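J.: The primary structure of each chain is shown beneath.
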Amino acid sequence: MRDSRKLLSAPFLFWAAMFIIIPLCMVFYYGLTDKTGAFTLNNVLAIASPEHRKAFWEAIKLSVVSTVVCLLLAYPLAMILAGMKGNHDSFIILIFILPMWMNFLLRTLAWQTLLEKNGVINSVLAFLHLPALKIINTPTAIVLGMVYNFLPFMVLPIYNVLVKIDSNLISAAKDLGANGAQTFLRVTLPLSTAGVISGITMVFVPALTTFVISQLLGGSKILLIGNIIEQEFTQTNNWHLGSGLSIVLMLFIILNMVLSVVTDKDGEVNAL
Amino acid sequence: MKKLYISLIFLFLYAPIFTLIVLSFNASKTRAKWGGFTLKWYFSLFENEAILQALWNTLLLAALSALIATVIGLVACIAMQSMKKKTRALILGIANIPMLNAEIVTGISFMLLFISLGVTFGFGTILLAHITFNIPYVILSIQPRMKQLNTSTYEAALDLGANSLQAFFRIVFPDILPGILSGFLMAFTMSLDDFIITHFTKGPGVDTLSTKIYTEVRKGIKPEMYSLSTLIFAAVFILMLLVNYTPRKKEK
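Protein chains in written order, with the working numbering: chain A, 14 to 285; chain B, -8 to 243.
These are computed hints drawn from the structure, not numbers from a lab. No experiment lies behind these values; they were computed from the predicted model shown. Don't take each hint at face value.
[Stated by the list, open to error] Below, computed lysine-lysine pairings styled on DSSO-like, alpha-carbon distance capped at 30 Å: (1) B:K24 to B:K76; (2) B:K76 to A:K19; (3) A:K234 to B:K24.
Next up, chain B with everything else stripped away, as it sits in the complex (with noise of 0.2 Å):
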């Protein structure tokens, strides 16, 4: 029962996926009908620049905002840590904002902002909006891990001789370094995944993939677009495998 349960739940998450895969070894060139199997679109989608280019504009704006949002995430945990509970509950929920929020209404807020403030739409309004709305996963990924701190460990470095920052990267480091780890994935598939505040965010000229994708929508997708999706998806799915089921020195 419980079994029989859990694989209608995850048929019904994965159908689409399989849909999409399966579309990638399609022959026809439209979603409607089956027209046998070919690999023609893995090919020929390393020959399609427009589609290369979008890929990399979305892995690079995936890795530099979960990279910045990482670091000012981190450093507003540590700053965090030595305040009252209620300055800390207060800047929480300033960072949540950009979560809780409408995807919509945060991107007509950046429009908005940009607009007034004269910046040219395109790769860095991109980047700025990504960042703001990467900064709360990474601030709830490393702040748990923060409050279990034992201070005492840290507090024994200084007494020992270490000044703070040998302190905190020797002691605290370690044992937030799987949160970090975690909140800056979260953010990098945030960013990956993020169509709404992109399309209100980006300039003529450049397109991510999802804008790419969206764009095709009314033209037809081309079907190179499966093939790099199922090439992303394998991939990802190989590495959490990986990442998952070595066996690790020190068990949690």
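So that you can see chain A by itself, here it is in the shape it has in the complex (with noise of 0.2 Å):
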């Protein structure tokens, strides 16, 4: 009975051994490999050539922005729907899921709408007297659009472990003559670093890797790590330099992956 009940993994374990076990075992092949599938670490190493290396530290930096800005957004945002009476789950994430079903490319060209020089915000801001905002086509709008893409992968994390705190543990340490901020620091945050933790990793890494977004608000001219990838797939057809690149990208990725099975052993913070 057991044995066969095992048995139900085999389609599963198929599957990723196919499509995610095989695939990215290309992509490290590629990577390490020249045109005549000889070994190189070339592709590799041509994160150092300058104008790789500019377009990988732009990317690290807007993206490390981007994640410090939707920590310092959502965490006092998930304590507050945490701390809501009664069960919100669902209205919860209806909220957050809902923009989802318009395009997420429709929705962040709509920043352009928003953004540009005679936009939408701008006009209100004249109307207002006040200055005008220039940040369309800066590094500025890519990470307003990461943070606008990316906020509700920081929420839903800190929330699920927010939700879960005992409240008689808060009511102890008042008790106890800890003041709000001292229950903050040695109570609430302690016990939500799971969450915290689960949500960096889920925004950090798509925000390093984009290329969508720099594309649509960054204009032409901010190259991110993930636009030259992508235009050696799509564009130059070099797949063994794009590959090479990708497996530097992989590193973070896999710091990541490792510090959320650390974290989250039971997958409970990412369960939805």
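Assemble the dimeric complex from its two separately framed chains, guided by the hints.
T.: Okay, structure coming up:
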């Protein structure tokens, strides 16, 4: 009986081997060989060339800033949501999932309309006699696009751990004389670390590797590492170089995965 | 204070959505200026074969990939129940790879796989890719409910003469159904909203709404796209409201 149940994992294992493991091995194979099939590290080391290094550095900078901004916006929001009376789980998920039904590209393009020189926000600012924003086609616009797109991935895991914190713990801390800040720093924050780390991994990776947001909101001037890799695959057709650069990205991603496995052993934080 | 903060975040999340809805009623063809109110894009939408075809592809992909991913994910969750903790963690780890990995890396890894297998790029390749990145969302929704299951009712059913299939469908299935449904819905949504992975696995001539919009970015987005998104958004919004506010027979 038990053995026959284990057999049920066969379809998944086959699928995972065929469409998860083998494709990733192919990226490593292409990244570590040249056009003749000989082993080389040149594609990976190409990250150090001035053009690639600049794009990589820019991507790291913008994704770190976006992750920090997401965290700062999401934590108070998650606390407020978790503090609301009654069970609002489905409603909260609804609010964050609903925008996804408007296409991701259209949503990001809408920010162009909002941010443009004569766009909606500037018209409002002009009406209020305030100075105009000049952020379209700058790194700031890209950060805004990243925060906009990835904020839900920060809010939901933090919310998930915060709702589960036993309110007696908070009351106990207060009874024992801790003030609000102390209670937060010594009880709430440590208990929510798993959610925070999960949120950080969920925001940092897509922000680091995006090519769409930078393309739509950064004009064509700002290239991130994602843009370079995308061009290698769809325009230059140098898959070896594209794969080599992806291997560098994957080092960050693997670090991220290890972090999330260590902190979220039971897969509970990300559970919806 | 709290209400103000929530409203500001809400405004931030929904400002682009409102912008798109307003643009769908804009008589001017460019999004840069307001040319007065019109409903014409809602009518011309239904004459635009290319957009309707892309819509059909998108919905078919989302439905098929969510359905197949739900079946594979559900079966995997059942199998995981009888596994040791370590094996289970390993399987969960592998399943999560497409969710934690960068979409661009997942996309190019599929592209390289399909190239070396000599498969023609088209609807099929996109479908395979979508199923793969949907599986983790399904497992994440079903797995926690599986863990909470009371195994003694299942065993009682077996003792009372049900075979394992009957016991599963009569006892276990109703308990995990909400997880299955939310997994399916998540998968459907993810597939619908995906651009990056589709971009790398699609062939010429096959377009989803996302890839169609991407090619239109430089030439200018057709206003029908705005009206279509508004319709989809409104439909989902109403559906979600109905689901959330219809009184349920069994309160959890």
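J.: Look at each hint and say if it fits the structure.
T.: We went through each hint and held it up to the structure:
1. Proximity of K24 of chain B to K76 of chain B is assessed by CA-CA distance (about 60 Å); at most 30 Å being required, the pair is judged violated.
2. Restraint check for K76 of chain B and K19 of chain A: the C-alpha separation of about 13 Å stays at or below 30 Å, so the hint holds.
3. Between K234 of chain A and K24 of chain B the alpha-carbon distance is near 25 Å, which keeps this suggested pair within the 30 Å criterion.
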